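A.B. asks: Sequence:
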Amino acid sequence: MHAHRLTIAALLTLAPACADDEIPNDLGSRPEDDVLLIDSPILQHLAAALEDGDTLRASDLFFAERLRFTTAPDPSELLAAQASEHAALPPLAEPTTLKVLTYNTGLLSRWYPFTHVGVPKYRERRAETAARLLGDGWDVLFLQEVWELVDVERFAAEAKAQGYAIYAGSEEKHAQHGVVLLVREALIAEAAQEFVEEQYEAQREIELFPGPGIKRGLLGWSFTHAATGRRIHLYATHFTAFPELWQERDVQARVLGGRARSHADEDVVLVGGDLNAGPYYPEDSFGSDGEATLSGWWHNAMMYPLLLHYGGLYDSHSALAPAQDVARMQQLSLPFEFGPYKKDPLAGRCAEIPVDTFTGTDCNSLYFGQYGATEYPARLDYIFVRDVGQHVRVVSSALEYTEPLDFGAAGRFELSDHYGQSATLQIE
Numbered sequence: 001m002h003a004h005r006l007t008i009a010a011l012l013t014l015a016p017a018c019a020d021d022e023i024p025n026d027l028g029s030r031p032e033d034d035v036l037l038i039d040s041p042i043l044q045h046l047a048a049a050l051e052d053g054d055t056l057r058a059s060d061l062f063f064a065e066r067l068r069f070t071t072a073p074d075p076s077e078l079l080a081a082q083a084s085e086h087a088a089l090p091p092l093a094e095p096t097t098l099k100v101l102t103y104n105t106g107l108l109s110r111w112y113p114f115t116h117v118g119v120p121k122y123r124e125r126r127a128e129t130a131a132r133l134l135g136d137g138w139d140v141l142f143l144q145e146v147w148e149l150v151d152v153e154r155f156a157a158e159a160k161a162q163g164y165a166i167y168a169g170s171e172e173k174h175a176q177h178g179v180v181l182l183v184r185e186a187l188i189a190e191a192a193q194e195f196v197e198e199q200y201e202a203q204r205e206i207e208l209f210p211g212p213g214i215k216r217g218l219l220g221w222s223f224t225h226a227a228t229g230r231r232i233h234l235y236a237t238h239f240t241a242f243p244e245l246w247q248e249r250d251v252q253a254r255v256l257g258g259r260a261r262s263h264a265d266e267d268v269v270l271v272g273g274d275l276n277a278g279p280y281y282p283e284d285s286f287g288s289d290g291e292a293t294l295s296g297w298w299h300n301a302m303m304y305p306l307l308l309h310y311g312g313l314y315d316s317h318s319a320l321a322p323a324q325d326v327a328r329m330q331q332l333s334l335p336f337e338f339g340p341y342k343k344d345p346l347a348g349r350c351a352e353i354p355v356d357t358f359t360g361t362d363c364n365s366l367y368f369g370q371y372g373a374t375e376y377p378a379r380l381d382y383i384f385v386r387d388v389g390q391h392v393r394v395v396s397s398a399l400e401y402t403e404p405l406d407f408g409a410a411g412r413f414e415l416s417d418h419y420g421q422s423a424t425l426q427i428e
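Residue 1 is where the sequence shown starts when you use UniProt numbering, and the numbers rise one by one after that.
No wet-lab data here; the hints were simulated from the structure. Keep in mind it's a predicted model, so treat the numbers as computed, not measured. A hint or two may mislead.
As the list claims (entries may be wrong) - Now the in silico label distances, taken between C-beta atoms and shown as ranges:
#, residue 1, residue 2, range
1, ALA409, ALA321, 39 to 45 Å
2, GLU65, ALA192, 16 to 22 Å
3, ALA189, VAL150, 31 to 37 Å
4, ALA191, ASN25, 20 to 26 Å
5, ALA398, GLU283, 33 to 39 Å
6, SER76, GLU172, 39 to 45 Å
To be verified - Below, simulated SDA-like cross-link-like pairs (lysine to any residue); rule was C-alpha separation at most 20 Å, straight line:
#, residue 1, residue 2
7, LYS121, CYS363
8, LYS173, GLY213
9, LYS215, THR115
10, LYS215, GLY118
11, LYS173, GLU153
12, LYS342, THR374
13, LYS121, GLU283
14, LYS342, LEU399
15, LYS173, LEU187
16, LYS342, ASP406
17, LYS121, LEU294
18, LYS160, GLN176
19, LYS121, PRO404
20, LYS160, LEU187
21, LYS215, LEU399
22, LYS121, SER288
23, LYS99, LYS343
24, LYS343, SER288
25, LYS215, LYS121
26, LYS342, GLY290
27, LYS99, LEU294
28, LYS160, ALA127
29, LYS121, GLY369
For each residue, glycine too, the CB sits at the ideal point set by N, CA and C.
Using the sequences and the accompanying hints, generate a full structural model.
C.D. replies: Dropping the structure here:
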């Protein structure tokens, strides 16, 4: 979820004291904080893009005054390395398949002072979403923007009918984070399960009040996989939106990464969610609020490597072949011109750009209706894996629910303003 920029700007006048630039309270307490960027294959491309980057440590990336980008951070080598490392893994002896989906359902409709914020066609889509998603054969689903309890109840009823277990957290906190986890019941052994619901300390405070009652957080669910006996830990999340709020998002990535890294090396950790930032932005300026071109996108490229670094994770979408973020971004028509992009999605470039990377894009009619020409298209939705014991292999990765559907008299449009991201895994 983003929010309409003019609405947020108006709310600033109501909450002038809220602070957005956050520094982790325990910064310096973890070994990962002290790593030099140039010594880390995950962070090296940030060092190359920053003035004095060869002297900076991971902890420096949380301080705006220490970051002077001179060029776009280019993750091409990092994306390629993840693919080559995965290709070097030996085949599993007796694997079983796990089909995983992360999906921002875009089910938002809330009133708050002076305005309403909502994703287009939410009424028509909410009637279809639960049955469609749970009828498509996924084993694990990480869902975001299931904001309202009526939608949680709809998913819970469908879960019962389709043989899924569901975890949405507490009623009070769920209404703030909107995150849901679902697991096929047959996959859960009788061993004890563990559940976590956490709200991040770093927040865009006006999203909660006087805004639409949103406080970003995560859900965790640990269970023993019935077929393999392997302990699996799931984390679903939805990070803070907007490029200028990169500090909140990066602090959230450090918290989530710490959760992922906390588990035994023989366990498998899967992280899914809408993280609201891509791995690469070719220009620091792109998009407009209608008056000025927006800038500061290069800072947003830090979230992706920071989460990998702190979590000991890899990106399932870059496991079989290097993810195409850099190539797809460079296919965009630059420099940015507001008029052409506002008139036609990506200034008419959608047919030329394969639908294999961007999960948040003007080429989605619902997304274009809300955010057309206001920001970069990007890969915002991810499935990450922590697998120190090498018990997982990625079989496939794809964007899902990309085509418009027939909603009868309401017309043809997508199931959400985001595309889904899937990963088919083998596990033993």
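A.B. asks: Check each numbered hint against the structure and report the violated ones by number, ascending.
C.D. replies: Numbers 2, 4, 5, 13, 14, 15, 16, 17, 18, 21, 22, 23, 25 and 27 - these are the hints that the structure violates, sorted from lowest upward.
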